[in-house]
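Colleague: So the chains spell out like this:
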Amino acid sequence: MTAVAVTLPPKPKVDWVPLAIVPVLALIALPLVGSFSTWVTLTVAALAMGMMIFLMASGLTLVFGLMDVINFGHGVFISIGAYLALLVLGPMAAWVASDSVIENVIVLLACIGVAMAGTGALGWAFERVVVRPVYGQHLKQILITMGGLIVAEQMIHVVWGASPIPISLPTTFRGAFVVGEAAVERYRVIAVVLGLLVFAAMYLVLNRTRIGLLIRAGVENAEMVEALGYRIRRLFVGVFIVGSGLAGLGGVMWAFYRQTLTAGMGMEVNVLIFIVIIVGGLGSIGGCFIGSLLVALIANYTGFLVPKLALVSNILLMVIVLLWRPQGLYPVAKR
Amino acid sequence: MSEVLLRLEGVHTHIGRYHILHGVDLLVPRGELTMLLGRNGAGKSTTLRTIMGLWKASEGRISFGGQDITAAATPDIAQAGIAYVPENMGIFADLTVRENLILAARRGEIDPARLRWVFGLFPALETFWSLAAGVLSGGQKQMLAIARAIIEPRELLLVDEPTKGLAPAIIMNMISAFRELKAAGETILLVEQNFTAAKMLGDGVAIMDDGRIVHAGTMAELAEDAGLQQRLLGPSMDTHQ
Ligand SMILES: Nc1ncnc2c1ncn2[C@@H]1O[C@H](COP(=O)(O)OP(=O)(O)O)[C@@H](O)[C@H]1O
Ligand SMILES: [Mg+2]
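Quick mapping for you: the protein sequence lines, in order, are chains A and B.
Mind the numbering: the first sequence is residues 37 to 371 in my numbering, read in order.
Mind the numbering: the second sequence is residues 6 to 246 in my numbering, read in order.
For the record, the hints were derived by calculation from the structure and aren't laboratory data.
Possibly wrong hints are sitting among the right ones.
Computed list of lysine to any residue pairs in SDA-like fashion (alpha-carbon distance at most 25 Å, straight line) [to be verified]:
id, chain 1, residue 1, chain 2, residue 2
1, B, K187, B, D215
2, A, K176, B, G232
3, B, K61, A, R270
4, A, K370, B, E185
5, A, K344, A, I64
Distance ranges between label pairs, derived from CB positions [to be verified]:
id, chain 1, residue 1, chain 2, residue 2, range
6, B, E226, A, D51, 27 to 35 Å
7, A, I178, B, E157, 36 to 44 Å
8, A, R168, B, D73, 24 to 32 Å
9, A, D51, B, G222, 49 to 57 Å
Every value quoted in this text rests on a predicted model; they were computed, and no experiment measured them.
Positions of the beta carbon are idealized from the N, C-alpha and C atoms, including for glycine.
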């Protein structure tokens, strides 16, 4: 009777349930929508929208996870990113209208490059000037980052004027593929592919590199990462800059999707991205991805089926998810 | 007594508006295991956190290997050669056992010989190498936390109540691991509530009460003097476990 029982820990399982909700939701919507081609159009639109929301929200969830910073100013980078595209679209107007695929692609890539570099640099400054003085003080963070958002919106009015600015997609990306009876807009497919690429890249960095390992550890227990000899502040600034750049990328993509620029577009999406990161589980990139898709699917289906519910549908989604999993779909283990 | 590796002189610590440490004086000689004892709430964990720079000393001086680290940032203190196992173990639950250990290896790779030595101390870690640390049992997590502190050679280990909440068999396992660390010449400052474990391991001992060191001497001397134990630690030291 001296044997010490060796308790075998359970095999860790991938938590498939939140993942499964996405296709299940889409399938449930099919009979409700009725027409297959309408359903395809709605679903592709939702997937494209979901990817763009993911781009915009992913930085925010890591910023919160690493340093407990609530940044209501994240929408700044979305609007500014979108407006920065004008710096490219103006001088390169001929290439936007051109029939050359290469020229069109270059224009799009240039817009993305300028937007990401600009918002990344702005993120660096925003972290220093606005966020750093209020580390650890949530109420002040909310107030001052909100203030930052309002100031940035007014700055856009000053620089680019108050009225909406129409922008056009480069020729190649206009129009739709016809699949059976369904029309699938080209640009939406591009948005989906781009979103998937960014998600895959983030996943690889987080899971296969040392920096990623430090970020995942820091999201769980920043203090312990410091006690192991790493400067969490430096990591945080890096994440803030990349997250701002991705929000800028999301902003450009979103602007082309709507083909209009408005100074308030960042503010409008702000609420949505906060819902996404709460639904996904604060600090979780996988959760943020699933959350983005769910929010977009729900918004598109209800917008079609019961337009009156479209505005509240995402709040409803958040309530239901939180009743089921109070820490979000993929809770991050916190110290 | 050999060379002093860590020295605290008149260290005061405030947490918010609470005054927790009231002038702590403590010496940790190189190559020895120094026990830090005291009732719950005496300030032992706060002392370790202050050494690590996780709380800042408001007064007094902490020197490590002759270098003043009183105001140093936590990562610098760690880089200077202090490894820390907090009371809550500080395990990264979503990371695997392997990833937890790799993080503690500053250059990103673990020395294979050192790893074999650590596996020898804590065989469970080899068994559960690629499992998420969150699924380990309490004792296994504690072993991982200690393994993380010793996966590379450091000058000083700070360990906060490693036997807390563990079953007696696991405690014995832990004690023999610390014996082996001592044999390897490690310098250790160990906080413990379990007096039996303390007696078996300590070279030197310091006893805290109410944010001060109220006794310092050798463990052998304290172990023999039942009256001193009674006065300093109360009758119920061993019932804590
Ligand atoms: N974060 C904190 N905020 C306020 N008081 C604290 C905090 N941490 C510890 N204390 C107080 O400091 C005193 C010493 O605590 P601690 O160092 O944890 O004692 P020990 O480790 O010896 O049990 C206790 O009275 C405790 O209540
Ligand atoms: Mg304690």
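Colleague: Compare the structure with each hint and give your call.
Modeller: Verification of the supplied hints:
With a C-alpha separation of about 29 Å, the suggested pairing of K187(B) with D215(B) is violated against the 25 Å cut-off. Our distance criterion of 25 Å between C-alpha atoms is broken by K176(A) and G232(B), whose separation comes to about 55 Å. Distance check on the hinted pair: K61(B) and R270(A) sit about 21 Å apart at the alpha-carbon level, within 25 Å; holds. Distance restraint check for K370(A) and E185(B): the Cα-Cα separation of roughly 32 Å exceeds the 25 Å cut-off, and the hinted pair is therefore not satisfied.
Using a Cα cut-off of 25 Å, the hinted pair K344(A) and I64(A) holds, with the two alpha carbons roughly 20 Å apart. Under the hint 27 to 35 Å, the C-beta atoms of E226(B) and D51(A), about 55 Å apart, miss the expected range. Between I178(A) and E157(B) the beta carbon distance is about 41 Å. The supplied range of 36 to 44 Å therefore holds. With their beta carbons about 27 Å apart, R168(A) and D73(B) fall inside the hinted range of 24 to 32 Å.
Distance hint check for D51(A) and G222(B): the Cβ-Cβ separation is about 53 Å, which falls inside the suggested range of 49 to 57 Å.
Violated hints, listed in ascending order, are 1, 2, 4 and 6; each of the other numbered hints is respected by the structure.
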